[in-house]
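Colleague: Chains as they are written, first to last, in numbering that gives the first Met the number 0: chain A, 0 to 291; chain B, 0 to 344.
Honestly, the hints are just simulated from the structure, not real lab data. As the structure is a prediction and not an experimental result, all values here were calculated from the model. Just so you know, even glycine gets a beta-carbon here, dropped at the ideal spot from N, CA and C. Do not rely on the hints blindly, as some may be mistaken.
Claimed, not checked - Computed list of lysine to any residue pairs in SDA-like fashion (alpha-carbon distance at most 25 Å, straight line): (1) LYS122/B / ASP235/A; (2) LYS122/B / GLU289/A; (3) LYS122/B / VAL220/A; (4) LYS22/B / TRP340/B; (5) LYS122/B / LEU5/B; (6) LYS122/B / ALA200/B; (7) LYS122/B / ARG34/A; (8) LYS287/B / ASP118/A; (9) LYS263/A / ALA3/A; (10) LYS122/B / PRO92/A; (11) LYS6/B / LYS287/B; (12) LYS22/B / LEU5/B; (13) LYS122/B / ARG188/A; (14) LYS141/A / LYS31/A; (15) LYS122/B / ASP1/A; (16) LYS287/B / MET57/A; (17) LYS122/B / GLN176/A; (18) LYS31/A / VAL159/A; (19) LYS122/B / SER217/A.
Said to hold, decoys possible - Some chain A residues close to chain B (C-beta under 10 Å, calculated; not the full set): (20) GLU91; (21) VAL106; (22) VAL108; (23) VAL111; (24) MET113; (25) VAL186; (26) VAL229; (27) LEU234; (28) LEU238; (29) VAL242; (30) GLU261; (31) PHE268.
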Amino acid sequence: MDWAFLFEISLTGIASGGLYALAALAFVMVYKATRVVNIAIGELLMVGAYLFFTFSAMFALPLWLAIPAAVLGTGLLGALIERTMIRPLLGEPPISVFMVTVGLGSVLVGLVEMIWTADQRRLPDFMPSQPIMVGEAFLAPKVFWGAVIAVVFIAAVLLVFRFWRGGVALRATASDQAAAYSVGINVPRVFSLAWVVSAMLAAVSGIVVGSIGGISSSMGVFGLSVLVVVIVGGLDSVLGALVGGLFIGLVEALAGAYLGGEYKLLATFIVLVAILMVRPYGLFGTHEIERL
Amino acid sequence: MRIGTLKETYTADAALFDSQTQKAWLAVAAALLVLFPFMASDYWLYLACLVAINVASATGLNILTGYTGLVSLGQAAFMGLGAYTVAIMQTHWDTPFWLNLLAAGGVAMLGGIVVGIPSLRVKGLYLAIATIAASFIAHFLFANLAITGGTGGLSMRPASLFGVALDTSFRLYWLIVPVTVLMLLGAANLFRTRIGRAFIAIRDRDISAEVLGIPLLRYKLLSFGLSSFYAGVAGGLWAYFFRVVTPESFPLLMSIFFLAAIIVGGMGSILGGILGAVFMTMVPELLKLVFDLLPNSAELVVFLSPVRTIVFGLLIIGFLVFEPHGLAEMWRRIRRFFHLWPFRN
């Protein structure tokens with residue numbers, strides 16, 4: 000066994016897992032606050048990446064303007080989605096809301112294909128391109144900087160939601176909606192906030208994912224891996240999203256290196272089934288007690 | 000105007016078709032189904048066969064999702080199991096088509112039961128994701144096993160009935176539509192039996208159902224099995240219809256299509272499954288017709304596929320937001336209007 004190779008692969012896996020963790024965080028935020036399983040998370044990523052593409056490559060805006068513009072634009076889309084599709088379904092069974100996000104994903108893919116065509120495109124480079132060496136191991140610069148961005152944003156989000164008023168309101172809503180209402184928290188606004196922040200985080204990870212692998216209308220497949228991450232970690236657990244992200248990133252990298260590229264998804268899904276059999280609510284998810 | 004429905008016996012109350020009017024209309028529908036192939040063009044016959052296959056599979060999913068409340072995104076994978084069973088049996092052993100179709104149902108049923116095993120512990124959307132996992136594993140097996148012909152898939156000869164090769168839409172119609180009608184009758188009757196009622200009890204509240212003495216594991220597995228049997232037979236028909244089976248024929252999108260069909264049609268209603276599958280299969284074709292009518296259709300044709308994707312999504316969203324009970328509910332409203340006319344309902 001080649002330990003140096005294993006180390007290199009694991010490093011790459013964990014670094015790309017950082018992006019899964021970021022996207023999973025976006026997912027968990029919506030789930031915790033609103034109990035909506037947003038399967039369109041991959042498509043939101045895609046919209047963020049395409050907006051960035053439009054602002055930087057087509058309108059030729061500088062990076063420091065293009066990235067915030069893309070992120071804000073996606074956040075706006077998040078607010079729009081929440082108001083038009085999610086809020087009318089408050090109190091409906093979870094499957095209905097889940098299917099609405101399935102439909103939403105389809106609409107977004109169609110819109111992207113219509114506006115930007117289905118061709119694969121490249122995002123402008125904005126990350127340094129010197130190779131990164133960790134000891135003996137080589138790490139692709141884009142993957143490394145992607146992981147750094149992910150870590151920065153995850154840390155920022157965790158801090159903001161620990162200390163900012165809006166963040167406290169969101170956590171209060173997540174833990175008990177009725178109690179949050181009764182202490183004067185505007186719960187519907189918290190829902191909007193969760194969707195906006197989640198869409199913005201998705202846009203950030205979309206820009207990074209897109210600049211690593213290029214963008215296309217089938218980019219939403221990334222969302223499928225994110226879905227595996229959150230199910231493995233537990234739908235309502237931030238810790239689960241982070242651990243699950245790194246774990247799935249590692250599993251994918253190892254499966255891809257030792258078994259071949261076509262085994263990547265298979266390996267993650269087998270891990271998913273195995274974990275669901277042992278812990279049906281994910282590694283760190285809340286085990287809900289049912290009462291009649 | 001029809002006032003109320005007076006029933007004096009339990010048999011009358013549990014009857015499949017409850018009124019004379021309904022029976023008359025069903026007879027008309029049956030006659031139309033028989034006459035249709037003699038009047039329609041090849042294109043419409045092709046569509047009719049496709050619709051019938053989708054109706055069969057959507058009805059299967061309706062048994063599982065609409066009646067038992069277990070959300071599954073693996074219906075396409077079970078269809079794939081059925082289609083591959085038919086293709087393998089025909090190319091290797093040259094068995095008659097009815098045996099192949101039954102075997103397709105059986106194999107898919109076994110697959111469904113295996114996938115359903117987690118359903119006792121895993122609930123709701125966790126289960127839906129687990130079925131996505133199953134469909135990816137199935138796709139992997141189709142693409143990598145020796146017997147399934149790899150990524151190239153399998154191509155097969157047409158089915159033959161009394162020495163006649165079923166190779167045109169007109170001939171296949173007489174295989175596909177009767178099988179579908181038979182399966183629909185089976186599904187409609189299922190919910191007049193103990194098993195079907197147990198399914199509904201599980202959907203409404205599974206713990207209460209268990210308290211009432213319904214063994215959850217057995218009935219949930221049975222529901223998975225029956226639903227996959229439907230998918231398997233539909234997949235077998237699909238194989239006879241297209242005669243090429245590849246791993247890419249049954250993508251996750253197809254499972255989403257069936258879930259969308261029963262949502263648009265109306266979950267937990269046989270009529271809903273039929274209406275939904277017909278509607279969702281026809282919409283892309285209607286869009287194509289509309290596009291052909293547009294003045295500069297040659298330039299706009301690149302937009303056809305994205306528009307289809309968008310309309311597909313909007314239909315799901317629109318129905319869930321504005322008509323959560325689907326087309327079946329609209330149909331009931333229209334019927335009620337005529338029943339109560341000239342009064343307002």
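Colleague: Run every hint past the structure and note whether it holds.
Modeller: Hints versus structure:
A hinted pair counts as satisfied when its Cα atoms are at most 25 Å apart, and LYS122/B with ASP235/A qualifies at roughly 15 Å. Between LYS122/B and GLU289/A the alpha-carbon distance is near 12 Å, which keeps this suggested pair within the 25 Å criterion. At most 25 Å may separate the alpha-carbon atoms for a hinted pair to count; LYS122/B and VAL220/A meet this at roughly 24 Å. Between LYS22/B and TRP340/B, the direct Cα distance comes to roughly 21 Å. Compliance with the 25 Å bound is thereby established for this hinted pair.
This hinted pair does not check out: LYS122/B and LEU5/B have alpha carbons roughly 40 Å apart, beyond 25 Å. Simply put, LYS122/B and ALA200/B have alpha-carbon atoms about 16 Å apart, close enough for the 25 Å limit, and the pair holds. Note on LYS122/B and ARG34/A: the hinted pairing holds, with a Cα-Cα distance of about 15 Å set against a maximum of 25 Å. Distance restraint check for LYS287/B and ASP118/A: the Cα-Cα separation of roughly 22 Å lies within the 25 Å cut-off, and the hinted pair is therefore satisfied.
A hinted pair counts as satisfied when its Cα atoms are at most 25 Å apart, and LYS263/A with ALA3/A qualifies at roughly 21 Å. Proposed proximity of LYS122/B and PRO92/A is supported: the alpha carbons are some 13 Å apart, at most 25 Å. A distance of roughly 48 Å separates the Cα atoms of LYS6/B and LYS287/B; the hinted pair therefore is violated under the 25 Å criterion. Between LYS22/B and LEU5/B the alpha-carbon distance is near 17 Å, which keeps this suggested pair within the 25 Å criterion.
Straight-line distance between C-alpha atoms of LYS122/B and ARG188/A comes to about 30 Å, which puts the hinted pair past the 25 Å bound. Restraint check: the Cα-Cα separation between LYS141/A and LYS31/A comes to about 31 Å, which exceeds 25 Å; the hinted pair is violated. Only pairs whose Cα atoms come within 25 Å are accepted, and LYS122/B paired with ASP1/A is rejected, the gap being roughly 42 Å. Of the supplied pair hints, the one linking LYS287/B and MET57/A is violated, its CA atoms being roughly 32 Å apart against a limit of 25 Å.
Straight-line distance between C-alpha atoms of LYS122/B and GLN176/A comes to about 23 Å, which keeps the hinted pair within the 25 Å bound. For the given pair, LYS31/A sits about 16 Å from VAL159/A by alpha-carbon distance, which is consistent with the 25 Å threshold. Proposed proximity of LYS122/B and SER217/A is contradicted: the alpha carbons are some 29 Å apart, above 25 Å. For GLU91/A, the suggested interface contact is upheld, since its CB lies about 7 Å from the closest CB of chain B, less than 10 Å.
With 10 Å as the threshold, the beta carbon of VAL106/A comes within range of chain B, its nearest partner Cβ sitting at about 4 Å, so the hint holds. A cut of 10 Å between beta carbons decides the hint on VAL108/A: the least distance to chain B is about 6 Å, and the hint holds. This hint holds: VAL111/A has a C-beta 8 Å from the nearest C-beta of chain B, less than the 10 Å allowed. With 10 Å as the threshold, the beta carbon of MET113/A comes within range of chain B, its nearest partner Cβ sitting at about 4 Å, so the hint holds.
Among the interface hints, the one on VAL186/A is violated; its C-beta lies about 20 Å from the nearest C-beta in chain B, farther than the 10 Å criterion. Hint on VAL229/A holds. Least Cβ distance to chain B is approximately 9 Å, under the 10 Å limit. The restraint placing LEU234/A at the interface with chain B holds, with a minimum CB-CB distance near 8 Å, inside the 10 Å limit. Among the interface hints, the one on LEU238/A is violated; its C-beta lies about 18 Å from the nearest C-beta in chain B, farther than the 10 Å criterion.
For the restraint placing VAL242/A at the interface with chain B, the shortest Cβ-Cβ distance is roughly 18 Å, beyond the 10 Å limit, so the hint is violated. Given the 10 Å rule on beta carbons, the hint for GLU261/A holds: about 7 Å separates it from the nearest Cβ of chain B. Hint status for PHE268/A relative to chain B: holds, with the closest Cβ pair at about 4 Å, below 10 Å.
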